[in-house]
Amino acid sequence: MTASHPSPEPAAPPPGEIEVGHSLWSGAWHRLRQNRLAVFGGATVGILAVLCAIGPIFAQSYEDQNLDLGASPPGAAHWLGTDTLGRDLFARLLYGGRISLMVGLVATFVALIIGVSYGAIAGYIGGKADAMMMRIVDILYALPFTIFVILLMVFFGRNIFLLFFAIGAVEWLTMARIVRGQVLSIKKMEFIEAARALGFGRRRIIFRHIIPNVLGPIIVYTTLTIPAVMLLEAFLSFLGLGVQPPMSSWGALIKDGADKMEEFWWLLVFPGGIFSLTLFSLNFLGDGLRDALDVRASKD
Amino acid sequence: MLRYIGRRLLESIPVMFIIITGTFFMQRFVPGGPFTAEKAVTPEVERNLEAYYHLNDPLWKQYADYLWDLTPKRFHPLALAGGFDLKEAFGIDFRPSFKYPNRTVNEIIAEKLPVSLELGMLSLGVALAVGLPLGILAAVKRNSWIDYVCSSVAMTGICVPTFVLGPLLVLGFAIHLGWFNASGWYGPIDRVLPSVTLGSVYAAYIARLARGGFLEVLGQDYIRTARAKGAGETRVIFRHAMRGGLLPVVSFLGPAVAGILTGSFVIETIFQIPGLGREFVNSAFNRDYTLILGTVILYAGFIIALNLVVDVVQVWMNPKLKFE
Chain A
1 MTASHPSPEP AAPPPGEIEV GHSLWSGAWH RLRQNRLAVF GGATVGILAV
51 LCAIGPIFAQ SYEDQNLDLG ASPPGAAHWL GTDTLGRDLF ARLLYGGRIS
101 LMVGLVATFV ALIIGVSYGA IAGYIGGKAD AMMMRIVDIL YALPFTIFVI
151 LLMVFFGRNI FLLFFAIGAV EWLTMARIVR GQVLSIKKME FIEAARALGF
201 GRRRIIFRHI IPNVLGPIIV YTTLTIPAVM LLEAFLSFLG LGVQPPMSSW
251 GALIKDGADK MEEFWWLLVF PGGIFSLTLF SLNFLGDGLR DALDVRASKD
Chain B
301 MLRYIGRRLL ESIPVMFIII TGTFFMQRFV PGGPFTAEKA VTPEVERNLE
351 AYYHLNDPLW KQYADYLWDL TPKRFHPLAL AGGFDLKEAF GIDFRPSFKY
401 PNRTVNEIIA EKLPVSLELG MLSLGVALAV GLPLGILAAV KRNSWIDYVC
451 SSVAMTGICV PTFVLGPLLV LGFAIHLGWF NASGWYGPID RVLPSVTLGS
501 VYAAYIARLA RGGFLEVLGQ DYIRTARAKG AGETRVIFRH AMRGGLLPVV
551 SFLGPAVAGI LTGSFVIETI FQIPGLGREF VNSAFNRDYT LILGTVILYA
601 GFIIALNLVV DVVQVWMNPK LKFE
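First to last, the sequence lines map onto chains A and B. In terms of the working numbering, the first sequence opens at residue 1 and continues consecutively. In terms of the working numbering, the second sequence opens at residue 301 and continues consecutively.
Simulated from the structure, these hints should not be mistaken for laboratory data. Even glycine gets a Cβ: it sits at the ideal position worked out from N, Cα and C. The reader is advised that the hints may include incorrect statements.
[Said to hold, decoys possible] Not everything, but these chain B residues come out facing chain A in the computed CB check (under 8 Å): (1) Val-315; (2) Thr-323; (3) Met-455; (4) Val-460; (5) Val-464; (6) Leu-468; (7) Ile-475; (8) Phe-565; (9) Val-566; (10) Thr-569; (11) Ile-570; (12) Phe-585; (13) Val-596.
[Claimed, not checked] Coverage of chain A stretches by chain B, computed from C-beta distances (three or more under 8 Å per stretch; other residues unrestricted): (14) 26-33; (15) 179-193; (16) 251-259; (17) 278-292.
[Stated by the list, open to error] Some chain B residues flagged as far from chain A (calculated, every beta-carbon gap over 10 Å): (18) Gly-306; (19) Lys-387; (20) Val-415; (21) Cys-459; (22) Lys-529.
Throw the hints in and build the complete structure from the sequences for me.
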């Protein structure tokens, strides 16, 4: 058996022997479904994402003000109550969720692109270039990056695209380390040698042959990066540096609730609750994926 | 080891240089300045202000002068005990603040830093005091209900961010039960809620890391040997497994301390604590050039120094590693 071959394709059974093969992915899927917490996490994230995507069509508009009503506690008309301007909190949560989830996805995508390319290139080239590149990562790790994101947001205006970029630019370091470690072990394998013998260029080998074989760890850490990114966005919004009104995110809603919690507890409890629930679910899903894909938590 | 420390210190010089240069030029090349928010000042006042802060000099000269002021010129660390004056101790001059014209950044740091340090130490104490027992207990009672309870508590700590937990604690314990003040930084009792809030996330991470570390160590042969020789469970855990089990926790302490430093921005805002974190956020909003630079340099210095300490402790605890 080619047991050392990490390719996602199932190993071909020897002829004449009937064997129901499990590919890496179907095996992982099976293990993932057995993990109740991970299933719960995945389902919750899915439901929340769908609600945030289509919910605002049915819910009242998040901008509809009703100043006569003011802040009202949860009830039949407004399930989660209203804020001080009489806006429906449930609708605002769905709209805020759109932004929070979008920041989570887009900024993670930025981090993913930077981290995977950097790590794969460093690992594949090896030698002095690799040592230099990873030394840079080490140094960046030691920097107070949150501080720079704060400065960027203050200086260059609170632009949501800058937010995506700034957060993505902070979160790619771990991804780069993990990918590099994986690439180092894969590049010595025979199928890479075969690809090189066929005369493929460096770029093609890295992106077509090596990266697909590192997908497992990449998927796991992407899932775990999303909550980290959402946390950073909420942190910035809480300081007044993230998403600006009239747009809103869960972090901004939490900030709003924290300012008014003495009288209107629901303004803090529901946004805080739904945000924590999302982080929970994403973390459970990520942990479940890690177990299912059998990725060792190597920190290099 | 001394060579290793020396090399790391040398390496940190270009890093600090890049941080200073980057921050200096970034804040100069963006629109807006420290005086744009003020009511219109007469041209004369503006000229005086610019002369006072040397804003009329060419940019390269301002930069060079500033770098010179930041260069350490003496070494009397003991002077720090008398009130954190970096000028007294190392000859580092962060210059006057732009927002508070009659105060220097050195004075502001000397006043606010001790508050933030106290908050940070207490939070780290909470994190270790809660996280280690939780993690070790979970590992020793692996896959029992105790493990599940400890692990769930840890997961909750990770998923409830400080800016949710802090206001919730205030709502429950200060406003409803009236046990604490909702904000302020006066008596010892005012330290409780902020340090618990800031420490909670790190307690959770430490618990998870300690559980993982102990699980790995407890499965090793030398632990079985210790048990076979009749060592009691307590002795096995605290004497034999401790060192190896704590390794992941120690390597996490570097990032944890950095996180606690930046986390204090939010905590100091929620609880209205007069610390350096809140001052940093305000200085950024105010474009207080010198105060921004001063705090950034200070934070960067702290983080670099603490990472070095953590790396040294790590090697000292794990004989398999070597200083390279």
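Each hint tested on the structure:
1. Val-315: 6 Å, holds
2. Thr-323: 7 Å, holds
3. Met-455: 7 Å, holds
4. Val-460: 5 Å, holds
5. Val-464: 4 Å, holds
6. Leu-468: Where the cut-off is 8 Å and the nearest Cβ of chain A is about 7 Å from Leu-468 (chain B), the hint holds.
7. Ile-475: 6 Å, holds
8. Phe-565: 6 Å, holds
9. Val-566: 6 Å, holds
10. Thr-569: 7 Å, holds
11. Ile-570: 7 Å, holds
12. Phe-585: For Phe-585 (chain B), the interface hint holds, since the closest Cβ of chain A sits about 6 Å away, which is under 8 Å.
13. Val-596: 6 Å, holds
14. 26-33: Coverage by chain B is violated here, the residue count being 0 at a Cβ distance below 8 Å.
15. 179-193: As far as the stretch 179-193 of chain A goes, the hint is violated, because 0 residues have Cβ atoms under 8 Å from chain B.
16. 251-259: holds (count 5)
17. 278-292: Coverage by chain B holds here, the residue count being 4 at a Cβ distance below 8 Å.
18. Gly-306: 17 Å, holds
19. Lys-387: 23 Å, holds
20. Val-415: 18 Å, holds
21. Cys-459: Incorrect as stated: the minimum Cβ-Cβ distance to chain A is 4 Å, not above 10 Å.
22. Lys-529: 32 Å, holds
Of the numbered hints listed earlier, those contradicted by the structure are 14, 15 and 21.
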